[in-house]
Amino acid sequence: MEILYQNLLAFDRYDLIMIAIGCVLIYLAIAKEMEPSLLLPMGFGTILVNIPFSDALGGPIQELYHAGIANELFPLLLFIGIGAMIDFGPLLTNPKLMLFGAAAQFGIFFTLCMASMFFPDFRDFFSIAIIGAADGPTSIAVANKLGSQYVGAITVAAYSYMALVPVIQPPVIKLLTTRKERKIRMPYEQKAVSKKTRIMFPIIITVVASAIIPQATALIGFLMFGNLIRECGVLESLSSTAQNVLANLITIFLGISVAFNMTADKFLQLDTLLIMGLGLIAFIVDTAGGVLFAKFLNLFLKNKVNPMIGAAGISAFPMSGRIVHRMGQEEDPQNFLLMHSIGVNVSGQIASVIAGGIILNIAAKLMGG
Amino acid sequence: MYVLTSTAVNIDFNPMAFIENLKYMGVGMLVIFVVIGIIILATKLVNYLFSE
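Order-wise, the sequence lines are chains B and A.
Numbering-wise (our numbering), the first sequence opens with residue 895 and increments by one.
Numbering-wise (our numbering), the second sequence opens with residue 309 and increments by one.
Certain hints may be false.
[Said to hold, decoys possible] Cross-link-like lysine to aspartate or glutamate pairs, in silico, DMTMM-like; alpha carbons within 20 Å at most:
1. A/LYS352 <-> B/GLU1083
2. A/LYS331 <-> B/ASP1226
3. B/LYS1074 <-> B/GLU1224
I should point out that these hints are in silico values taken from the structure, not numbers from a laboratory.
Please put together the full structure from these sequences, using the hints given.
Quick look at the structure:
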């Protein structure tokens, strides 16, 4: 009996706070359906690693962490699944949409400057900035590669705000656009995209992006590999496996092993709150960057674009594209922006990965690598 | 025993760091637009060559 008492008495309030945080993550996943596939395993993993003398922390979770996160394997494998899920058709129909994806990465670099005021180590403020990629696997891969001590907080921020995109984006878009601008219609010309083009696209993206930013090769390469499996037309079974089984399996392992960094000593710091605040700024500035860039382009365009589609340039796919479409229909039920906004949204996926590579490239130079 | 701490509390808030790191914002956004621009041109070329 004494042993039992000793185990129970080993709980301190910080362990209990972390277990409560784990329960909140599980609640958000189930009750609010906020990124449930990741927040639920993460929440349960948080409980597992904060039980005193837990054999999960030093055992399977630690092993999974080193096997799949410390070496960035899980995020990259997840990218194969994500690549297999994405249809680049709307983007191939109108490649210029990719410019909005580039503009909406502004939040990353603005947050980099903001975070540098609080965190002196460039590995930390570069990693915090990448929350603005609005892409969980990229955030995890970059923060790990840079060796940031805040991987846990960065992951929670990235996935939480991705889930909160429907709450964060509309007020920012409304603040920066007039009703007249939100009513701008954009006719969609249905163009056939050849199979050869669909096959060449992932190869070209990989070669171009990797040649210029070698540090992005793994990120962009695995994403495009997944897309090539989808588009080649001869690997239906592999494509289906990548989209479903592989993506689901990796998501489970990724979620539970990220919890390795969710121990009280690493997570219960005021820095975590600061990182959550900076993450929110990143998402807001990303959205603003995309919208303002579209408004800027409109100064020169004969056929104006609806500036709301700029907001879909953040990588949170497909929520952001759908939000823009919905907001367009709220102003004008006959306004169909979906194909444009989804095109911009998938370009945001590519641009965010490239931005991750740029961050790694700059960091490598600073490290003398 | 864990204590609610913050490294930020121990670090002086350094507003000048924002200015010092603006160069990364400039370089980062420039590179991303250059890469995306090249990809757009390459995609247009592929569309042109392989259109049905």
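Going down the list of hints, with the structure as the test:
1. A/LYS352 <-> B/GLU1083: holds, 16 Å
2. A/LYS331 <-> B/ASP1226: Cα-Cα ~42 Å, so violated.
3. B/LYS1074 <-> B/GLU1224: holds, 12 Å
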